[in-house]
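Protein chains in written order, with my numbering: chain A, 1 to 250; chain B, 1 to 228.
Hints are not guaranteed to be accurate.
[What the hints assert, rightly or not] Calculated lysine-lysine pairs in the DSS-like style (CA-CA distance at most 25 angstroms, straight line):
1) K245(A) / K88(B)
2) K164(A) / K88(B)
3) K5(B) / K156(A)
4) K156(A) / K63(B)
5) K88(B) / K5(B)
6) K66(B) / K88(B)
The hints are simulated quantities; they were obtained by calculation from the structure and are not laboratory data.
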Amino acid sequence: MFHKRLYQFVFIYILGIGFLFLIKKVLNLSDYVIPSPVEIYETGRKVFLRYIPDVLNTLSVAIIGHVLSIFMATIIGIISRLSNWIGSFIKTAAFNIQAYPIVAVAPIIFILLGDGLSSRLLIAAMICYFPLLLSFIGILSEPVVDIEHFYVHSGKMRWQLEVKIRAFENMNKLVTVISGSATLAMVGTIVSEFIGASSGIGYSIRIALYQSDLAKILIALFLIGIFTSLYLAFLEWLGRIVVRKWEHNS
Amino acid sequence: MIECKNINYKYHGTQYPVFNDLSCKIDEPGFHALFGLSGVGKSTLARLIAGQLDGFTGKIDNKTGKIFYSYNLERLPGWSSVGEHIAKVTPVQNKNRINEIIESFGLSSCIDSGFSHLSLGQRNRINLARYLLQDFDFLIMDESLANVDEATREQIIFKIKDMYPQKTFLYISHSVAEVSMFCKNIIVLRSFQKSPQSLTVLGQDDTTGKSVERKNLEKTMLEIVNVS
Chain A
1 MFHKRLYQFV FIYILGIGFL FLIKKVLNLS DYVIPSPVEI YETGRKVFLR YIPDVLNTLS
61 VAIIGHVLSI FMATIIGIIS RLSNWIGSFI KTAAFNIQAY PIVAVAPIIF ILLGDGLSSR
121 LLIAAMICYF PLLLSFIGIL SEPVVDIEHF YVHSGKMRWQ LEVKIRAFEN MNKLVTVISG
181 SATLAMVGTI VSEFIGASSG IGYSIRIALY QSDLAKILIA LFLIGIFTSL YLAFLEWLGR
241 IVVRKWEHNS
Chain B
1 MIECKNINYK YHGTQYPVFN DLSCKIDEPG FHALFGLSGV GKSTLARLIA GQLDGFTGKI
61 DNKTGKIFYS YNLERLPGWS SVGEHIAKVT PVQNKNRINE IIESFGLSSC IDSGFSHLSL
121 GQRNRINLAR YLLQDFDFLI MDESLANVDE ATREQIIFKI KDMYPQKTFL YISHSVAEVS
181 MFCKNIIVLR SFQKSPQSLT VLGQDDTTGK SVERKNLEKT MLEIVNVS
């Protein structure tokens with residue numbers, strides 16, 4: 001699974017680079033705009049090792065933000081099942097807030113919290129939180145009538161059991177949603193680093209951008225792709241283990 | 001025990017009512033049936049009696065006590081074996097009945113399996129078993145023995161009659177022969193355009209499998225077919 005993800009990414013990356021060279025050739029652009037393969041290789045030799053800690057820094061923030069979002073979405077998703085005003089309020093609020101591009105409020109976060117870890121973490125968490133929350137609300141609010149009927153009418157239903165039934169019945173969906181939102185967490189972290197942070201691969205890309213050094217940016221993108229692919233593959237692997245374990249029990 | 005008086009009911013967004021001044025009653029314990037053509041409202045009436053639907057006019061008098069409604073599409077959660085599930089949902093005072101029911105329903109071999117690994121007939125029997133282990137007074141069995149072979153179905157019905165002589169059952173089935181043979185009273189539900197919308201036919205109420213005369217059985221079957 002891990003190597004499949006990596007192969008897929010490398011294939012797409014090579015296609016992307018090829019497309020860049022095609023544009024360079026067709027439009028007759030200079031090496032200053034799009035560097036030659038040799039220059040990219042030389043830049044790679046210089047910055048590859050230096051960029052790895054930056055990517056790991058970004059990835060670790062994204063992972064923490066992602067885990068926080070999953071945790072929060074689970075709690076809010078559970079509360080939103082309620083059929084009273086709290087549940088309705090949470091659902092309405094979630095649907096409205098997710099319609100707003102959260103990244104636009106990033107500058108406010110930097111003004112309030114500074115350019116440190118907390119700002120990056122908050123933005124990463126916020127960007128992947130709402131899509132997660134909407135899916136969790138959908139899954140946890142939808143009754144599994146054929147299973148719940150007995151518990152409801154025999155008076156044995158408890159909220160923990162209700163959540164367990166709905167989560168179990170939608171385990172594949174939950175795993176897919178969690179894996180999908182990991183990319184959003186990474187996007188959120190990198191965007192926050194572009195805007196105002198003082199560390200991480202997004203910050204390194206920003207510096208490279210100021211230097212108009214496309215080679216450095218391409219190396220950074222390569223590393224981001226590799227590590228994001230590894231994280232996604234890890235989540236998918238974890239998800240398969242959980243689904244298999246639950247299916248085995250059943 | 002249960003009496004439905006002048007029930008009128010229409011699903012939201014539909015043109016025609018399901019029930020138009022429907023009245024029927026079950027006034028003694030035993031094994032009764034609700035019979036009718038597909039779409040005539042058997043499950044709807046069952047759910048009204050069980051208190052799972054509202055928005056109707058008329059009156060349902062329940063002097064029987066706790067009503068349960070089981071149907072054939074129900075599932076058990078997948079995270080534990082059916083045996084563990086049954087043990088968990090059975091009230092303490094009924095635990096001594098688990099083995100008897102499981103054995104007489106022919107389920108001993110699948111007690112350690114997960115619900116999704118069972119055949120449709122086994123699933124329905126397990127589902128019915130867990131309802132029978134609850135503290136109920138009136139149990140509605142909405143095609144609860146669907147996909148179960150005839151011999152096992154007969155054995156299960158006799159066992160239920162033997163174990164619960166004081167309880168009331170409302171058995172919903174599409175088999176005229178089955179309801180004629182095993183049930184005390186058969187409430188035949190008809191289209192809302194017919195008046196009265198339901199008629200009750202006296203069944204053979206067989207408890208042993210040998211005592212019903214073929215002639216009487218055929219008479220009951222004919223009567224049901226004629227009124228439906």
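Could you check the structure against the hints above and give me the numbers of any it violates, in ascending order? Structure breaks hints 3, 5.
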